[in-house]
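Taken in sequence, the protein lines are chains A and B.
Okay, so the first sequence: first residue is 103 according to the numbering used here, each after it adds one.
Okay, so the second sequence: first residue is 405 according to the numbering used here, each after it adds one.
Take the hints with a grain of salt, since some may be wrong.
With a straight-line Cα cutoff of 30 Å, these simulated DSSO-like cross-link-like pairs (lysine-lysine) come out [stated by the list, open to error]:
#1 Lys506/B <-> Lys607/A
#2 Lys553/A <-> Lys437/B
#3 Lys506/B <-> Lys701/A
#4 Lys701/A <-> Lys715/A
#5 Lys465/A <-> Lys438/A
#6 Lys523/B <-> Lys379/A
Sample of chain A residues facing chain B (criterion: CB under 8 Å; computed from the structure) [stated by the list, open to error]:
#7 Thr306
#8 Glu330
#9 Thr374
#10 Leu573
#11 Glu577
#12 Arg578
#13 Gln581
#14 Ala657
#15 Ile671
No lab work stands behind these hints: they were computed from the structure.
Backbone N, C-alpha and C define an ideal beta-carbon position, used for all residues, glycine too.
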Amino acid sequence: MADEKENRVQRRRFLKSAAVGGLAAAVAPLTSSAQQESARPQGATHTSCGSDYMVDVVRALGIEYFAATPGNTFMGLHESVVNYGMTTSPDLRFITTMHEEASVAMAHGYAKIEGKPMACAFHATVGLQHASMAIYNAYCDRVPVFMMTGAGIEADQRKSAVEWSHTAVDGAGMVRDFTKWDDTPGNLQGFGESAARAWKFSMTPPYGPTLLAVDVRLQEDEIPGGNEGRPPVPTMPSIRPPSADANTVREVAKMLVGAEHPLIYVDRCARTPAGLKMTVELAELLAAPVVDSGNRMGFPWRHPLNQSRRFGELRSEADVFLALEPGNPFDLVTAKGRDGTLRRQLREGAKSITLSSAELYPKGNYQNLQRYAGMVDIAVQADAEATLPFLIEEVRRLMPAARSTYDARARAFAATHTQDFNDALEEAVHGWDASPISMPRLAMEMYEVMKSEDWSLLSHHYWQSSWSQRLWAAERHHQYIGGSGADGVGYTSPASLGAALANQKHGRLSVAVVGDGDLMFGPGILWTAAHERIPILYIVHNNRAYHQEVMQMQAIANRRQRGIDRAGIGNAITDPNIDYALVARGMGVYSQGPIENPKDLGPALRRAVAVVKKGEPALIDVVSQGR
Amino acid sequence: MLRMHCLLAAALALSSGIAFAQSAPVGDAVRGKDTYVRDGCYACHGYQGQGSNAGSRLVPTPFAAFAHQVRNPRARMPAYSPLVMSDQDVADIYAFLLTLPKARTVAETPLLARARRPKP
């Protein structure tokens, strides 16, 4: 208690001296967060304000970062992060963003690398409205995000018209359809318990974002009774996700071991590096081909059993088809005729099994669960990664001692994998010297400078016609994180930066190929990259259009038979062409481009990687083919 | 998977400076290049017909087969009628595709040649 009192006195002295120095501070150049942090006096930070307690709760959840664009309905919390969370251990670092959507997307990318949530906060109403699309992406991508927004519960405490405009009676309601859980705690004890519960729900498969609406007074006021009235910081149990029951595991294992043509499909299955290893172990035990959705690092790209280019033929041959955490089980097994009739894609007598946690937390309204998969035979409603150890054990137990059949199968798939790879090389030569630069050329020039590093690709390979997946050798969990989840544009640039933030402490080379359209949804993320000193190499896939929409517009114009030469209107990003290198430089990011000659690409990449390896962000504007 | 419709599809067209035995209607390659871009063929098939995940690579084929594919396509490519693409447009595009440079080989492309894997 005496220490607390002394701390408060020291804090007042510090604030007084800070006020005297305020003018100098106002005209001094901005320094990095780390420099500001080191200037803080020690031992002057403990007070009894509610938001300091909130910081302690957040830190107790293992959360290391707090991303936000400022807003006065969470200013108490903001001040506590800056003057308490960043000055006492363990560090809770404030990450400054320029749009609430960027805050959530950064947390989205971070969680896919680090396997745990980071915090982000939004201004009540308007800030949460900005954040909403990114929340939906995280929800559909099954990613944990710990979110807070301000709330002004007591009406007589709202001091201005703005504060009334920035108040909603049920603020969290706006995003309730696509968050796992929300709460508006009425006191600090409630905040602590709700925060722990939010974290627990967020980290229980299917993962998802959670939201606390936190009263402004609760943040800003002293704790009733001072620090003696401070509620305890809740402790967290070790979470054990739901796994399938023993009988079901036995049944599925028996089917897989007995199958002549087993096929495994992996989607958001490997939540952790251990999950990836287990997926490989299961496939190798069975010598079963694996098709990877591309939504995560589901299976090593150059593993001989990776047969992702052969899904159609393997599915038609399969007698047992196991899909692990499929995002769209309907499409995996069902063909739709033009007249609306449905036909099963599997051969007669084949069995289809899904093992997924997706439907353990269903909601209405948004249709992200996709169409009802009525042609699945067995739907195991459990977390795949949690079930894999039991499934592997059971498969191992049932596996016959003689493995010659399995070994022969593995050799055959190794041959087709190599064939597919070499075919990809043959295909890659077409357009190799073209300008705009072709996708295989971009992929191979990138890989040439990355392959000797501990690299991490933080953007979905689909938008570059999956050339990285076809030609690179991603093996580890952090080397690929998939895409947005809901195809909400504006995800890649900030999410990849959040993932790069997680990669930073591991010394990895973070690389993201971002669409020009995606980047222009929130170019302010480049400033965040520079300001927070986050090393990342951004490659702008500059096809000078919302390219997907160019194709769709041309198709619909054709269907209406009234000219197909105006698809660029409203879709092209030309006249003027945007100079992304100049935009980046304006935000303090090292940049090069526009690169139009493919011969210039390799040297530009080498220079940029050197910058990134020094701990800075870099950007290369590559004028590219559409896909 | 996203659905896309593109101008030219699967087993179709051409590339690479290969001459065809069957004579085509007289097309203008310069005009054909403009049309190929203006009408959005490049969007799925690439500026050099190299293809993408939205449209196949354009491989050598006689003009008759090419024109047939444009009007009555296989796979996911929609049909393009004379209302949106005249016979002359089709001939011009065909002529343009014939002028595209011959693709190099993997052996002539060090980044790719080094990556080649021996059969297991």
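Violations among the numbered hints | 1, 2, 7, 8, 9, 11, 12, 13 and 15
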